[in-house]
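Visitor: Which chain is which? The protein sequence lines are A and B, in order.
Last residue of the first sequence: 372 in the working numbering, with the numbers rising by one and none dropped.
Last residue of the second sequence: 372 in the working numbering, with the numbers rising by one and none dropped.
Hints listed in this document are in silico derivations from the structure and should not be mistaken for laboratory results.
Any given hint might turn out to be false.
No copy labels: a pair is met if it fits in one copy or bridges any two.
Unchecked claim - Computed cross-link-like contacts, DSSO-like style, restricted to lysine-lysine with a CA-CA straight-line distance of at most 30 angstroms: (1) Lys139 <-> Lys87; (2) Lys224 <-> Lys357; (3) Lys139 <-> Lys108; (4) Lys357 <-> Lys70; (5) Lys324 <-> Lys80.
2 protein chains.
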Amino acid sequence: MKKVINNPNNVVDELLMGMVYAHPDHVRKLDGFEVLVRKNSPVEGKVALVSGGGSGHEPSHGGFVGKGMLDGAVAGAVFTSPTPDQVFEAVKAVTGPKGCLLIVKNYTGDIMNFEMAKEMAEAEDLKVDYVVVNDDVAVEDSTWTTGRRGIAGTVLVHKIAGAKAETGAELPEVKAVAEKVIKNVRSMGLALSPCIVPAAGKPNFTLGEDEMEVGMGIHGEPGTHRESLKSADEMVDHLVGKILADIDYTGSEVVVLVNGLASTPLMELYIVNKRVHEILAEKGIKVYKSMVGEYMTSLEMAGFSVTLLKLDDELKELFDAPADTPALKSL
Amino acid sequence: MKKVINNPNNVVDELLMGMVYAHPDHVRKLDGFEVLVRKNSPVEGKVALVSGGGSGHEPSHGGFVGKGMLDGAVAGAVFTSPTPDQVFEAVKAVTGPKGCLLIVKNYTGDIMNFEMAKEMAEAEDLKVDYVVVNDDVAVEDSTWTTGRRGIAGTVLVHKIAGAKAETGAELPEVKAVAEKVIKNVRSMGLALSPCIVPAAGKPNFTLGEDEMEVGMGIHGEPGTHRESLKSADEMVDHLVGKILADIDYTGSEVVVLVNGLASTPLMELYIVNKRVHEILAEKGIKVYKSMVGEYMTSLEMAGFSVTLLKLDDELKELFDAPADTPALKSL
Numbered sequence: 042m043k044k045v046i047n048n049p050n051n052v053v054d055e056l057l058m059g060m061v062y063a064h065p066d067h068v069r070k071l072d073g074f075e076v077l078v079r080k081n082s083p084v085e086g087k088v089a090l091v092s093g094g095g096s097g098h099e100p101s102h103g104g105f106v107g108k109g110m111l112d113g114a115v116a117g118a119v120f121t122s123p124t125p126d127q128v129f130e131a132v133k134a135v136t137g138p139k140g141c142l143l144i145v146k147n148y149t150g151d152i153m154n155f156e157m158a159k160e161m162a163e164a165e166d167l168k169v170d171y172v173v174v175n176d177d178v179a180v181e182d183s184t185w186t187t188g189r190r191g192i193a194g195t196v197l198v199h200k201i202a203g204a205k206a207e208t209g210a211e212l213p214e215v216k217a218v219a220e221k222v223i224k225n226v227r228s229m230g231l232a233l234s235p236c237i238v239p240a241a242g243k244p245n246f247t248l249g250e251d252e253m254e255v256g257m258g259i260h261g262e263p264g265t266h267r268e269s270l271k272s273a274d275e276m277v278d279h280l281v282g283k284i285l286a287d288i289d290y291t292g293s294e295v296v297v298l299v300n301g302l303a304s305t306p307l308m309e310l311y312i313v314n315k316r317v318h319e320i321l322a323e324k325g326i327k328v329y330k331s332m333v334g335e336y337m338t339s340l341e342m343a344g345f346s347v348t349l350l351k352l353d354d355e356l357k358e359l360f361d362a363p364a365d366t367p368a369l370k371s372l
Numbered sequence: 042m043k044k045v046i047n048n049p050n051n052v053v054d055e056l057l058m059g060m061v062y063a064h065p066d067h068v069r070k071l072d073g074f075e076v077l078v079r080k081n082s083p084v085e086g087k088v089a090l091v092s093g094g095g096s097g098h099e100p101s102h103g104g105f106v107g108k109g110m111l112d113g114a115v116a117g118a119v120f121t122s123p124t125p126d127q128v129f130e131a132v133k134a135v136t137g138p139k140g141c142l143l144i145v146k147n148y149t150g151d152i153m154n155f156e157m158a159k160e161m162a163e164a165e166d167l168k169v170d171y172v173v174v175n176d177d178v179a180v181e182d183s184t185w186t187t188g189r190r191g192i193a194g195t196v197l198v199h200k201i202a203g204a205k206a207e208t209g210a211e212l213p214e215v216k217a218v219a220e221k222v223i224k225n226v227r228s229m230g231l232a233l234s235p236c237i238v239p240a241a242g243k244p245n246f247t248l249g250e251d252e253m254e255v256g257m258g259i260h261g262e263p264g265t266h267r268e269s270l271k272s273a274d275e276m277v278d279h280l281v282g283k284i285l286a287d288i289d290y291t292g293s294e295v296v297v298l299v300n301g302l303a304s305t306p307l308m309e310l311y312i313v314n315k316r317v318h319e320i321l322a323e324k325g326i327k328v329y330k331s332m333v334g335e336y337m338t339s340l341e342m343a344g345f346s347v348t349l350l351k352l353d354d355e356l357k358e359l360f361d362a363p364a365d366t367p368a369l370k371s372l
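The shape of chain A in the complex, shown without the other chains (with noise of 0.2 angstroms):
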């Protein structure tokens, strides 16, 4: 096991201070949680946006809490859903007389946890609501998930909610622009090597020499297929091929995300990219705006996922207004 760490049950921790002395400006940890919050949490005036998750999957999403997306992030074991309490402090320390949202990923522990915390928070008297974000066209149920799994969609979730709340709207319009990102937003990965849980020790799956596991997910779950390993040009059709089947955009414009899980460079994201807009185009699908990097990870995990949000204007608006968080600035 290669990693940069030290004790790897410390690793969160670790993580966590790393980031706060990196962004001393945009966050602040709270003492004895898990959790990073806004460095002038709670901010006057707006609903709060609460996400989190296992850890593992960095720059989310502690690195998407600031001005224009996220007012706390929960921070759970490697991939492993927050504990209930854990949220509850996130929810209590941001959430002001508008309440708060919780965006949560598609995953059956983040699921009960996070609906816990809302339990508990309304027994204390605070607004809590919440999405679930699903835009993983691969499988339906998997490892951990009933029905379709969280990814990274969920950043763009993030992003366009988040932009709703700083404008001042009140909880149900902050959720039901967070829902209409969700209806539009479509996600497909692949895998090219399996990444490595610190307190495990060994690799979470094996694949051959000259394998890819189409369709895996963010934690290593079961994709639709293994195959032989095929050019950027033919992963990039098949993914997108999934996506354009799942729903309708012809005619749209659409924001692209692509994704590296971790080790795959920046050079092939953007080889994925380019094939993705010639795609797009002889379709007749307008590409609106790009995002190619790292967003979601999966630890040291190889390969990338594409994401495709369909826009409207009011999207596009919300899209376009300025953030300030460490992973994520105006784009």
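Fit chain B to the given chain A structure using the hints.
Guide: Same frame as chain A, but now just chain B:
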């Protein structure tokens, strides 16, 4: 070779097209040349900045083309110096009456080719000067280099000299501030895994299961020694110790740059950053700002480097000046 590519001989072309598709508001490609320039080049009233080198270090250097940083970036073949005519084309495309500063990393091929381009541009009555970045304290003289190598500290030269150029300063002033950064910036890195030049198809060196190479360069050039894998803290203690032994940082304020070489996850880079901050606090060195991420990569190599830049008031102000490039926005 598990890469997300098409033809290994086309990776640079496809990379640049992918960048243009992703960042059409920032960059355009010069027809027939592996060169990205600012969309509105030449920008009136400013000294132009041109950098570049072999490809495989993305986001360096094309990702730093834009307001407040570079005017042009020349992309050689993977790990291969760009030819003089490519550099010359970049200079011609971006240079106005105030002239052009070339920012060159200290590799023999780069120095030779950028110098030759300078002469070609001067023959056409363009004002051109250059600086050489040599921030890597690991080794004197190495594969492809006489003297110290230029690595991630180069990005801070782009940032600060770029900010100076935006003020309308003259070429000698922009050069002087670039040299001030070079005088005050030091880096050192280590590698946990090799990388594969696409056209070669096999790793450029091998490392044992439990081995790391300390002081390795960004093309896999040998470092100071190999040893068994250590804890993150021990790795950082060694690298920062070497940097602090090189120039006197006592009582100063610094920018910290923790740079991932590619496959090392952001989680681990933040764990590194934590230790860097602890060491500096112990030594009474104040951290002004931190950057944690991938700025100067080495294809899919695992490992990281640490860079410290000693600041004065001028460097602080220029570091904080606005930037808007694909890979670096205002800090």
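Visitor: Which of the listed hints are broken here?
Guide: Hint check: nothing fails, all pass.
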